[in-house]
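Asker: Could you fit the two chains together into a complex? Lean on the hints.
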Amino acid sequence: MTGKAYLTGAYDTKVGELPGSSCLGLHAEAAFGALADAGLELGDIDGVLCAYSFTRPHIMLSSVVCEYLGIHPAFTAALSVGGATACIQVMQAQALVMAGICRHVLVVAGDNRATGLTRDGAVAALAGVGHPEFEQPYGISVPAAYALVAQRYMHEYGATPDHLAAIAVTHRAHAALHPNAHKREPITLADVGRSKMISSPLRLLDCCLISDGAAALIISAAEAAHDRPHPPIALLGAGQGHTHEHIIAAPTLTDFGCHRAAATAFGQAGLGVGDVDVALIYDSFTITLLVELESIGFFARGEAGPAAAAGALGLAGSLPCNTHGGLLSYGHSGAAGGMFHLVEAVRQLRGAAGRRQVPGAEVAFVHGDGGILSAHCSLLLGKA
Amino acid sequence: MPAPIAEATAETLPFWEAAARGELLYQRCRRCGKVQFYPRGHCAACAHRALDFEPSAGHGTIYSFTIVHRAPSAAFRDLVPYVIALVDMAEGFRLMVNLLGSDAVSGAAIGRPVRIVFAKRGEGQAVLPQAELVA
Numbered sequence: 001m002t003g004k005a006y007l008t009g010a011y012d013t014k015v016g017e018l019p020g021s022s023c024l025g026l027h028a029e030a031a032f033g034a035l036a037d038a039g040l041e042l043g044d045i046d047g048v049l050c051a052y053s054f055t056r057p058h059i060m061l062s063s064v065v066c067e068y069l070g071i072h073p074a075f076t077a078a079l080s081v082g083g084a085t086a087c088i089q090v091m092q093a094q095a096l097v098m099a100g101i102c103r104h105v106l107v108v109a110g111d112n113r114a115t116g117l118t119r120d121g122a123v124a125a126l127a128g129v130g131h132p133e134f135e136q137p138y139g140i141s142v143p144a145a146y147a148l149v150a151q152r153y154m155h156e157y158g159a160t161p162d163h164l165a166a167i168a169v170t171h172r173a174h175a176a177l178h179p180n181a182h183k184r185e186p187i188t189l190a191d192v193g194r195s196k197m198i199s200s201p202l203r204l205l206d207c208c209l210i211s212d213g214a215a216a217l218i219i220s221a222a223e224a225a226h227d228r229p230h231p232p233i234a235l236l237g238a239g240q241g242h243t244h245e246h247i248i249a250a251p252t253l254t255d256f257g258c259h260r261a262a263a264t265a266f267g268q269a270g271l272g273v274g275d276v277d278v279a280l281i282y283d284s285f286t287i288t289l290l291v292e293l294e295s296i297g298f299f300a301r302g303e304a305g306p307a308a309a310a311g312a313l314g315l316a317g318s319l320p321c322n323t324h325g326g327l328l329s330y331g332h333s334g335a336a337g338g339m340f341h342l343v344e345a346v347r348q349l350r351g352a353a354g355r356r357q358v359p360g361a362e363v364a365f366v367h368g369d370g371g372i373l374s375a376h377c378s379l380l381l382g383k384a
Numbered sequence: 001m002p003a004p005i006a007e008a009t010a011e012t013l014p015f016w017e018a019a020a021r022g023e024l025l026y027q028r029c030r031r032c033g034k035v036q037f038y039p040r041g042h043c044a045a046c047a048h049r050a051l052d053f054e055p056s057a058g059h060g061t062i063y064s065f066t067i068v069h070r071a072p073s074a075a076f077r078d079l080v081p082y083v084i085a086l087v088d089m090a091e092g093f094r095l096m097v098n099l100l101g102s103d104a105v106s107g108a109a110i111g112r113p114v115r116i117v118f119a120k121r122g123e124g125q126a127v128l129p130q131a132e133l134v135a
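Protein chains in written order, with my numbering: chain U, 1 to 384; chain C, 1 to 135.
Warning: the hint list may mix true and false statements.
If you only want the chain C side, here are some residues facing chain U, beta carbon under 8 Å, derived [as the list claims (entries may be wrong)]:
1. A8
2. S64
3. R121
Chain C residues, not near chain U, derived (Cβ > 10 Å throughout) [unchecked claim]:
4. T9
5. E23
6. L25
7. K34
8. R70
9. A71
10. P72
11. A90
12. G92
13. N98
14. G107
15. P113
16. R115
17. V117
18. E132
19. V134
A short list of chain C residues far from chain U (calculated; beta carbon distances all over 12 Å) [claimed, not checked]:
20. E7
21. E11
22. G22
23. A44
24. R49
25. A57
26. H69
27. S73
28. A74
29. D103
30. L133
The set of hints was computed from the structure by calculation and includes no laboratory data.
Just so you know, even glycine gets a beta-carbon here, dropped at the ideal spot from N, CA and C.
For reference, chain C alone in the conformation it holds in the complex (with noise of 0.2 Å):
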């Protein structure tokens, strides 16, 4: 599927050779400790401009969730219904998934635990953070 992805930039380069590993990277400030999703070149609580890039084990509950019916473009057209959650890390970030997995569409609520994975998405396409429902 050509799913739309962009193009990496300096500041977001890591996440992705880390997606590509299989590994969930988040940064957190040098100066303030806040952690912050998505990547920035600062930090958007304090300004600092030095933040370290720290691994993610991996785990996670769904904040809020869809399943979505209608695709936004023919790149989606033929996965649906698909499940978008928001899942909040355990260290304290947000990030946006898919929920993947046979039981993904009936088995979505607030409040499950989840678990990063990480898949392909098309030919030759990027690697990208997904989640499983944790049984």
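So that you can see chain U by itself, here it is in the shape it has in the complex (with noise of 0.2 Å):
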């Protein structure tokens, strides 16, 4: 067990509407069930890395937060990179064990955007990522840039409302295997079809949620992961692209740094798409997964609509995919939204997913993006 970093603690605390949760109880409460899930005091943490808050915003989050846990570690920093933070982290703490500064790290987000935000208020504090001057002043929203990306997905490639509904039906299926996930009633594709237009093409359905909830990892060098409780899982495999932040500024608006990321990633551990056995995948918006799906190259250019109409994202499909549930379902905290997908990653390696265990998984593909599909992180898992 050298030369790599390993996964020896996961933990996500509920998600949903959590009247009465702050920003820094849910970070608390998150980063002790990491910390018993690892076997691990607060005292062996050395290393902290957090993400962002909308709820507490704070130019030094990672110190308020060691503060309100009482660590005084070696090493800590605030990441934010939108929704591909929570990877970064990983990855951040990947550099932090294998340079010998830390034996392990605390990664942890989390944020009681439900509860503490009004829906106005975070879709408002969401459209700040459009440009200042020549985005938001026509009126541009998160959701409204990823429809322009599914616009454009669909009149090249074919792909249609139906494909991108397949996509919320399958997670909803899967949220409703997962005890803990914010909407658990099964949906159809005529219900998504019904469901309230947005920004077109894209239908409330076709939205992620917006929900309270933190979620905590251990990242532990090789010489420290022996003799926890559970067996460790190695990090194989990461990269990272980024290509624009605005949308005025993609270079196109079909393929993106999730090429690049998910090639370093793969080209580092040795494996490629073939290999994993489950994906666990930034699901924002359906037309993100639809569009990383193809860009990485789990599928080709037009085939990922057709692929989940057909079960393929399935449990019993030829790519399980966001198991728990995703973003559309299981639920989104802000940074602790992507790492809620690392959270799933680890209890399939570890075979404790339950009523969602991909029988005999060894590998996982675990990918964040921030903005406007505009910063990418890729992980590959596997059992050490």
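Answerer: Here it is as structure tokens:
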């Protein structure tokens, strides 16, 4: 067990509307949960990587979290790369343990976005990713920006609203098998097609949830990953890809940094898309997942939609994907949203995913994207 | 409508001053010749720091569009449904606009030609480049 970083602890809090929850309280609950899962005490942690918060915005969130937890680490920083943050936190933790700077890094994110903000407040805060002079004056929102991608993608590759809806339906079916998911009642293609139009062609059920919740992971150095309560999960490969932030500056609306991020991660791991047993891929919108599946190479252009409609992303499909229900149905709590994908990957690789378990899962691909398909990070995890 | 228009910077001020007189500007690098939008103090393709503003003839085609039904803020709530389009200009740059006109919602389509127009956004607000479908 050398030359790699290992995931030794994982935990996520309840998600959904959690009245009385707070950003810092959720961080602490997730952190202590991950510590217990790894069989560690707070004093064992020498690195802390946080993300960002809408309800507790602070220029030094990691310092605030460390103070709140009561920890004095050798290294801490807060990272802010939108939906790519959780995967990038893990990649940064890998660098810290492999450089010998830390033995056990706590990676944590959480926000009480559902009860701590109004829905209008959350939508407005997210719209701030638009360019202040050249996008925001036109009434851009995050759904509208992704809708621009969807419209172009449908035009070029023949994806249909029903292809997108099939992704939403599959995610809800997965969430129905997860006792903690924010939305568990089954939906149909017709339900998606009847849901409120948000920004054409994206309807309400094409969009992720807004949830309270938090998640945390412990990333450990090889020599510190032994003798923990659970077999360690190895980080086999990691890569990033960055092409733009604002949608007006995207080189194309059909290929994104996920392509490079995944290629780097697969190259490091010596694996290919055919080796992936379970995929946990950022699904802020149905189109997000569709584009990423094809841009990364899990499906040829134009084929992910029909494949989703045929059940390929389901538990019995060729690529079980977002088995917890994803941002679309499990929950989305800011940077913790992408960390839920990582927690699910750990559960799948431990064989602890209950009714959602992909039999014999040994390799998980996890991907986060921030902005408007702007910042990407891919991770490959495997049984050590 | 109190639309959220940010303060222009030294780099973007020529663009907004031109818009106020009905002219759409883009930048061209003096070294590599690439055009770019939005305005910056250097060329994002080759990092050269000398660029010229050039006027666009105002002709473009719709690269993508969406009809917004859920506004991001109160400032846009009375405008829904409205069309946001990414327009590829003949000079080789892309910008975001609203598609204006009574036929905008029904007529928006990828590949349709548009022309740039200029519209004030609310009382005393900046003049924005916008677009209309070309019949």
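Asker: Against this structure, judge whether each hint is valid.
Answerer: Hint check results:
At about 7 Å, the closest approach between the beta carbon of A8/C and any beta carbon in chain U falls short of 8 Å, and the interface hint on this residue holds. The interface hint given for S64/C is met, as the beta carbon of that residue sits about 4 Å from the closest beta carbon of chain U, less than 8 Å. The criterion of a C-beta within 8 Å of any C-beta in chain U is met by R121/C, whose closest approach is roughly 6 Å, and the hint holds. Residue placement check: T9/C does not keep its beta carbon more than 10 Å from all beta carbons of chain U (closest about 8 Å).
Every CB of chain U is more than 10 Å from the CB of E23/C (nearest about 16 Å), matching its label as outside the interface. Every CB of chain U is more than 10 Å from the CB of L25/C (nearest about 12 Å), matching its label as outside the interface. Distance check for K34/C against chain U: the nearest CB is about 13 Å away, which clears 10 Å, and the non-interface claim stands. A cut-off of 10 Å between C-beta atoms contradicts the statement that R70/C is not in contact with chain U; the least separation is 5 Å.
Under the 10 Å C-beta cut-off, the non-interface status given to A71/C relative to chain U is violated; the minimum distance is some 6 Å. The Cβ of P72/C does not lie farther than 10 Å from every Cβ of chain U; its closest approach is about 4 Å, which violates its non-interface assignment. For A90/C, the condition that its CB be more than 10 Å from all CB atoms of chain U holds, with the nearest at approximately 17 Å. The beta carbon of G92/C sits about 13 Å from the closest Cβ of chain U, which is more than 10 Å, so the claim that it is off the interface holds.
Against the 10 Å criterion, N98/C falls within the reach of chain U, whose nearest CB is about 5 Å from its own CB. At roughly 14 Å from the closest C-beta of chain U, the C-beta of G107/C stays outside 10 Å, upholding its exclusion from the interface. Chain U leaves P113/C outside its interface by the beta-carbon criterion, the shortest separation being 16 Å against a cut-off of 10 Å. Against chain U, the non-interface label of R115/C holds: every CB pair exceeds 10 Å, the least being about 17 Å.
Distance check on V117/C: its Cβ is at least 14 Å (rounded) from any Cβ of chain U, clearing the 10 Å threshold; non-interface status holds. At roughly 15 Å, the least C-beta separation between E132/C and chain U is larger than 10 Å, which holds for a residue marked as non-interface. Remark: the non-interface label on V134/C is consistent with the geometry, its nearest Cβ contact in chain U lying 19 Å away (cut-off 10 Å). The beta carbon of E7/C sits about 8 Å from the closest Cβ of chain U, which is not more than 12 Å, so the claim that it is off the interface is violated.
Against chain U, the non-interface label of E11/C is violated: not every CB pair exceeds 12 Å, the least being about 10 Å. The beta carbon of G22/C is kept farther than 12 Å from every beta carbon of chain U, the shortest such distance being approximately 17 Å. Against the 12 Å criterion, A44/C falls within the reach of chain U, whose nearest CB is about 8 Å from its own CB. Residue placement check: R49/C keeps its beta carbon more than 12 Å from all beta carbons of chain U (closest about 19 Å).
Chain U leaves A57/C outside its interface by the beta-carbon criterion, the shortest separation being 20 Å against a cut-off of 12 Å. A beta-carbon of chain U comes within 12 Å of the beta-carbon of H69/C; the shortest separation is about 5 Å. Residue placement check: S73/C does not keep its beta carbon more than 12 Å from all beta carbons of chain U (closest about 5 Å). Non-interface status of A74/C relative to chain U is broken: a Cβ of that chain comes within 12 Å, the nearest being about 8 Å off.
Against the 12 Å criterion, D103/C stays outside the reach of chain U, whose nearest CB is about 16 Å from its own CB. With a cut of 12 Å on Cβ distances, L133/C stays outside the contact zone with chain U, its closest approach being about 16 Å.
In terms of the numbered hints stated before, the structure departs from hints 4, 8, 9, 10, 13, 20, 21, 23, 26, 27 and 28, listed from lowest to highest.
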